[in-house]
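Trainee: Now for the letters of each chain:
Number of protein chains: 2
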Amino acid sequence: MFAKETYVARRDALKKLVGSGLVLMFGNNDAPRNYPANAYKFRQDSSFLYFFGQKREGLVGAIDIDNDREYLIGDDIDIDDIIWFGFVPSVNDLAHEVGVAYSAPMSELQKMVDQARSQGQRIHYLPPYRHDHMIQLSDLLGIHPLQTRANASVELIKAVVSLRAVKSDEEIVEIEKAMAIGYEMHTTAMKTCAPGITEQFIAGKIEGIANGLGATSFQSILSMHGEIQHGYPSPRQLEAGRLMLCDAGAETNSGYCSDNTRVTPIGGKFSPRQRDIYGAVEAAHDAVIDMAKPGLKWLDAHLTAARVITDHLKAIGLMKGNTEDAVQAGAHAMFFPHGLGHMMGMDVHDMEGLGQNYVGFDDEVQPSTQFGLNCLRCGRRMQPGFVMTDEPGVYFIPHLIDLWRSEGKHTEFINYDAVEKFKDFGGVRLEDDILITEEGCRVLGEKVIPYHIDEVEAFIAK
Amino acid sequence: MFAKETYVARRDALKKLVGSGLVLMFGNNDAPRNYPANAYKFRQDSSFLYFFGQKREGLVGAIDIDNDREYLIGDDIDIDDIIWFGFVPSVNDLAHEVGVAYSAPMSELQKMVDQARSQGQRIHYLPPYRHDHMIQLSDLLGIHPLQTRANASVELIKAVVSLRAVKSDEEIVEIEKAMAIGYEMHTTAMKTCAPGITEQFIAGKIEGIANGLGATSFQSILSMHGEIQHGYPSPRQLEAGRLMLCDAGAETNSGYCSDNTRVTPIGGKFSPRQRDIYGAVEAAHDAVIDMAKPGLKWLDAHLTAARVITDHLKAIGLMKGNTEDAVQAGAHAMFFPHGLGHMMGMDVHDMEGLGQNYVGFDDEVQPSTQFGLNCLRCGRRMQPGFVMTDEPGVYFIPHLIDLWRSEGKHTEFINYDAVEKFKDFGGVRLEDDILITEEGCRVLGEKVIPYHIDEVEAFIAK
Numbered sequence: 105m106f107a108k109e110t111y112v113a114r115r116d117a118l119k120k121l122v123g124s125g126l127v128l129m130f131g132n133n134d135a136p137r138n139y140p141a142n143a144y145k146f147r148q149d150s151s152f153l154y155f156f157g158q159k160r161e162g163l164v165g166a167i168d169i170d171n172d173r174e175y176l177i178g179d180d181i182d183i184d185d186i187i188w189f190g191f192v193p194s195v196n197d198l199a200h201e202v203g204v205a206y207s208a209p210m211s212e213l214q215k216m217v218d219q220a221r222s223q224g225q226r227i228h229y230l231p232p233y234r235h236d237h238m239i240q241l242s243d244l245l246g247i248h249p250l251q252t253r254a255n256a257s258v259e260l261i262k263a264v265v266s267l268r269a270v271k272s273d274e275e276i277v278e279i280e281k282a283m284a285i286g287y288e289m290h291t292t293a294m295k296t297c298a299p300g301i302t303e304q305f306i307a308g309k310i311e312g313i314a315n316g317l318g319a320t321s322f323q324s325i326l327s328m329h330g331e332i333q334h335g336y337p338s339p340r341q342l343e344a345g346r347l348m349l350c351d352a353g354a355e356t357n358s359g360y361c362s363d364n365t366r367v368t369p370i371g372g373k374f375s376p377r378q379r380d381i382y383g384a385v386e387a388a389h390d391a392v393i394d395m396a397k398p399g400l401k402w403l404d405a406h407l408t409a410a411r412v413i414t415d416h417l418k419a420i421g422l423m424k425g426n427t428e429d430a431v432q433a434g435a436h437a438m439f440f441p442h443g444l445g446h447m448m449g450m451d452v453h454d455m456e457g458l459g460q461n462y463v464g465f466d467d468e469v470q471p472s473t474q475f476g477l478n479c480l481r482c483g484r485r486m487q488p489g490f491v492m493t494d495e496p497g498v499y500f501i502p503h504l505i506d507l508w509r510s511e512g513k514h515t516e517f518i519n520y521d522a523v524e525k526f527k528d529f530g531g532v533r534l535e536d537d538i539l540i541t542e543e544g545c546r547v548l549g550e551k552v553i554p555y556h557i558d559e560v561e562a563f564i565a566k
Numbered sequence: 105m106f107a108k109e110t111y112v113a114r115r116d117a118l119k120k121l122v123g124s125g126l127v128l129m130f131g132n133n134d135a136p137r138n139y140p141a142n143a144y145k146f147r148q149d150s151s152f153l154y155f156f157g158q159k160r161e162g163l164v165g166a167i168d169i170d171n172d173r174e175y176l177i178g179d180d181i182d183i184d185d186i187i188w189f190g191f192v193p194s195v196n197d198l199a200h201e202v203g204v205a206y207s208a209p210m211s212e213l214q215k216m217v218d219q220a221r222s223q224g225q226r227i228h229y230l231p232p233y234r235h236d237h238m239i240q241l242s243d244l245l246g247i248h249p250l251q252t253r254a255n256a257s258v259e260l261i262k263a264v265v266s267l268r269a270v271k272s273d274e275e276i277v278e279i280e281k282a283m284a285i286g287y288e289m290h291t292t293a294m295k296t297c298a299p300g301i302t303e304q305f306i307a308g309k310i311e312g313i314a315n316g317l318g319a320t321s322f323q324s325i326l327s328m329h330g331e332i333q334h335g336y337p338s339p340r341q342l343e344a345g346r347l348m349l350c351d352a353g354a355e356t357n358s359g360y361c362s363d364n365t366r367v368t369p370i371g372g373k374f375s376p377r378q379r380d381i382y383g384a385v386e387a388a389h390d391a392v393i394d395m396a397k398p399g400l401k402w403l404d405a406h407l408t409a410a411r412v413i414t415d416h417l418k419a420i421g422l423m424k425g426n427t428e429d430a431v432q433a434g435a436h437a438m439f440f441p442h443g444l445g446h447m448m449g450m451d452v453h454d455m456e457g458l459g460q461n462y463v464g465f466d467d468e469v470q471p472s473t474q475f476g477l478n479c480l481r482c483g484r485r486m487q488p489g490f491v492m493t494d495e496p497g498v499y500f501i502p503h504l505i506d507l508w509r510s511e512g513k514h515t516e517f518i519n520y521d522a523v524e525k526f527k528d529f530g531g532v533r534l535e536d537d538i539l540i541t542e543e544g545c546r547v548l549g550e551k552v553i554p555y556h557i558d559e560v561e562a563f564i565a566k
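In order, the protein sequences belong to chains H and U.
For the first sequence, my numbering gives the first residue as 105, with consecutive numbering after it.
For the second sequence, my numbering gives the first residue as 105, with consecutive numbering after it.
These are calculated hints, taken from the structure and not from any lab test.
Heads up, a few of these hints could be off.
The list treats identical chains as one, so a pair stands whether inside a single copy or across any two.
Taking lysine to aspartate or glutamate and the EDC-like style, the derived pairs with C-alpha atoms no more than 16 Å apart in a straight line are [to be verified]: (1) K551 / E288; (2) K281 / E542; (3) K159 / E468; (4) K309 / E288; (5) K108 / E274; (6) K281 / E550; (7) K281 / D197; (8) K424 / D521; (9) K159 / D404; (10) K145 / D134; (11) K373 / D218; (12) K418 / D380.
Isolated chain H (complex conformation):
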C-alpha cells in the first residue's frame, strides 16, 4: 500500500476529470471455484486498488463529486468471521487508512444510489467483468445483468485510463519488483526445461515461485505448441529437438505485474531452422526497443515488427514480393496473427476490462478490422510513463495455413510449398516490458532474462 496521500491525490484527480455525479467503484468479492465457500485466490479489482488501496473483499468505494463526499462501503465482520478469518480492522478504519472520510454498511448502497438519481446525479461505474457485480448493478440500477457492461460510464472509463496509463515512479518501483520475480520464473523454466519433463511440472514450479512472493499475473502459457497463443501447460513430456514457449508473469503483493515470454530449445541447442525463425522474432523485438519513444504510434512499432519479420521470412523463402505491400495487405499475419503489445501495470493487459478502444486507441488511431491487426491492443502514441509489452512472434498454425492456402489467400506474398514443411515447427514469441521515458525507452527488470540465441544456449548449458 502506498501512503494515504497517494490515494487522496488520485481520487482528487479523478473528481476533476469526471466533473460531476456519483462514482461507484466495486472492489472484488471472493470468486467461487467449485462451491460457494471454496474460492479462488482473492484478486482485488485493479481500479478499486488504485483509488481506494484496500485489498479486503466485499468493499465498494463511492465518490459523490457534487457534494464532495467519499465513502468506503462494506460490512464489518463478527465473531464467527474472526474464528475463520482472523481479526480484521473495521471498514471505518480501512477508510481512514486511505483518506476516505465516511464509511457505510452495504445495505446503504441502494439508498445512496436512489438518492443520487432522485437528485439528478449521474451514476458512474466501470464495466463489470465479474457476474456477481453484474447482478448487484442490475439490482441497483434496474437493468438486466448482462446490460450493465454496456451501460458503464464512458467519462469514468476515460478518466481512469488517463490516470492509470501513466505510471508514477512509485508504481515503476513495484513493477520492477514483479520483474525480479519474473526473472526467477523464466530462468527457472529455462534451466528446468529438458526432454521427459512435463509442461505442467515446469509451469507448477515457476508458478510456485510467483505464489511464494505474490501471485501469477495470468495463467502461465507453457507449451511445445508455441503456435497456440494460449497454450496452457499439459501433462505431456517435453520432446528433444522441439521448442518450449513460456509466457508467464508475476504479480506483487501490492498488485503490480510482469509479463515476459521466452523460448527454450528442448535439449539445449537450436536447430538451424529454429535459429532462422527465432532470429526473425529477435530482430523484430530489438527493432521496437530501438525505436520506442514518446510520440511514436504503437501501431507503427507493430508495423515495423511486421516488416522485420517479413524481411526475415523472405530471406528464408517463406515469403516473397515487396515487404511494404505484404505488410499493408496483412500477409505476414498468417505468421504473426496478434498485436505487438499492450499496456501493462496493475493488470497484465492493463485496463483491458475497461475496453481496448479507450485504452489503446484514440481519435487519431482507430482499431483496424484486418486479420491480425484487429488483435492489436494498443495503437496510439506513446507518452512518458507508459509501460508496454514488446512481444512479436512467428507461428506455424496448421489449421490457419490450410485455411489460407485453400482460399488462395496472399499467394503473391506467401510460398505455401515452403511453409508446408514448417507445419511441425510450433512458434516463437519473445516478450519484454518497456517503460517509455522522456528520451526513449528502458527495458524493465534489473536483469534481462537471456534471449539472444547464443546467450540462451550458454545459459541453459551452465
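Since the structure of chain H is already known, use the hints to place chain U on it.
Mentor: Chain U only, in chain H's frame:
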C-alpha cells in the same frame, strides 16, 4: 476420464432416482479474475464432470428423462479460437466420447427448457454457485438470479448425493493419486519450515508441487496463526518456537482431491506446552480412526473427539468438571469450534455446494445450532465407500476467549486464568482422509505424512 460406460451407468442410475423431468447440469465457464479475458485456472463443476466427464468450459448436459434423450449442449469453436486455444474436438465428438447421443448449440437451450415446461416437465438443476450460471438460469426460468439457488431441485440434489457419496474403486484409485501429491506437498512444507522463511514462500512451493501434477484442491492454509481457521499464508517470516499449521491438498487432473493438515514446530522441537496440546489433538485424531466403521454416526465420532480433547485439557488444567457434561454443554467448543470432518471426493468438501443438510445429515441426524457443533458438516451414519476427513483441532482464539470470559460462559468447565496464559499459543489441527470399508476404515495414502510427535521431530531433523 473413465471409460464411456462409467458415465452411461451414472446417468442411468441418476435417471432412475430422479424419475421424470428434464435434468440440466451446468458445466463451468471460465471465471474472470481481473478482466474478462484473464481467467482463473479453469475448474470444471464436479457433478458435471461426474456425469458428463468432459473438462471443456461452456458445456451444459441435459437429460430428458421422460423421452429418454441425453444431450451435450455447447458451441463449437471457430478458426479464431483455434489460433488462441488450439484445435479441440466438436461438441458432438465430446458427447459421443461419454456415451451421449445428441448435441446441440447453446442457443437451443432456451427452446429446450420452454418446450419441456410447456409439456409439464419439471426442470431439475443443482444449486448454482457461480454467478454467471445464476444469470443464465434467471433468463431460462424467469426468476431473479439470486433466487436460483433456492429453486434448485431437491430430488436431483438427493439423487446426486446418493451416487457421489459412495466412492467406487476406480474413484478411490484417483483419490490415492491425489494423496500421493498431498504427501509431497506436506513433507516439503515440513522440511522447508524454518525460522526466517515466509509463510507465503512455503505455500508457493507446495502449491507448485500440486500445480505441477494437477492443481490445489483449495487455497492452502499455512500460518503461524493456527488459531485462524482459514489463515492464508502471509509474507511474515516464521519465528522459532512457534508452530506452523499447514492445511493443504491436491487435485488430480482427473478431478479428485486430497486434504491433510499437519503442524510443524518452527525450529524443529516441540516445547512441553506444545506437546501437551498437540497430544490432545493426536489422541482425538487416532480415537476416530479406531472407531470409524459402517453404521457409526459421524456425530458420535465428533463427540468422541470432543471428549478426548476435554480429558486432555482437564489433565493440563485448562478445563475442569465432568467431561460428558462439558461436551454436552459445548464448553470444549471454545477450543474446538469446528466439526470433526466432512466428505471428500471430487470436491474437497464433497458436494458442499449442494447443501450440507443433504450431504451430511438425514432424517435420523439433524444439524445442531449449538456453537461449534453447528459447524459440523456431516453427522449421519457411515457407509462403506464414504471418504471422510478426520480433523480435530485445539485453538486459542484471543477474541473468542475474551468474549466468553466477559460473558461468564461455561465457567464450571473452563479455567479462564489458566487459558489466559495460552493466548499466544496459536492452534493445532491434524487431518487425514479415511475410507469407510466393510469392516472399519482405512487411512488413505500409501505413505502417511508423519504426525506422531517424535516422528515429526525425527522427520524434519533428517
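Trainee: Now, for every hint given, state plainly whether the structure supports it.
Mentor: So, going through the hints one by one against the coordinates:
Proximity of K551 to E288 under the C-alpha cut-off of 16 Å is restricted to the intra-copy arrangement: shortest distance 10 Å within a copy versus 33 Å between copies. In the homo-oligomer, the alpha carbons of K281 and E542 never lie at most 16 Å apart, since the shortest distance is 22 Å inside one protomer and 56 Å across protomers. In this assembly of identical chains, K159 and E468 lie within 16 Å of each other by CA distance neither inside one copy nor across copies; the values are 37 Å within and 44 Å between. For the homomeric pair K309 and E288, the shortest alpha-carbon distances inside one copy (11 Å) and between copies (13 Å) are both at most 16 Å.
Taking the closest pair of Cα atoms, K108 and E274 come within 16 Å of each other only inside a single copy of the chain (13 Å); across copies the shortest separation is 56 Å, beyond that limit. For the identical chains of this complex, K281 and E550 are intra-copy neighbours only, at 9 Å inside a copy versus 41 Å across copies, given an alpha-carbon limit of 16 Å. In this assembly of identical chains, K281 and D197 lie within 16 Å of each other by CA distance neither inside one copy nor across copies; the values are 28 Å within and 46 Å between. When the C-alpha separation of K424 and D521 is checked against a cutoff of 16 Å, the pair qualifies only within one copy, where the shortest distance is 12 Å, while the shortest distance between copies is 87 Å.
For the homomeric pair K159 and D404, neither the shortest alpha-carbon distance inside one copy (38 Å) nor that between copies (41 Å) is at most 16 Å. With identical chains, the CA atoms of K145 and D134 are at most 16 Å apart both within one copy (8 Å) and between copies (15 Å). Neither within a single protomer nor between protomers do K373 and D218 lie at most 16 Å apart by alpha-carbon distance, with minima of 66 Å and 60 Å respectively. For the homomeric pair K418 and D380, the shortest alpha-carbon distance inside one copy (11 Å) is at most 16 Å, but the shortest distance between copies (76 Å) is not.
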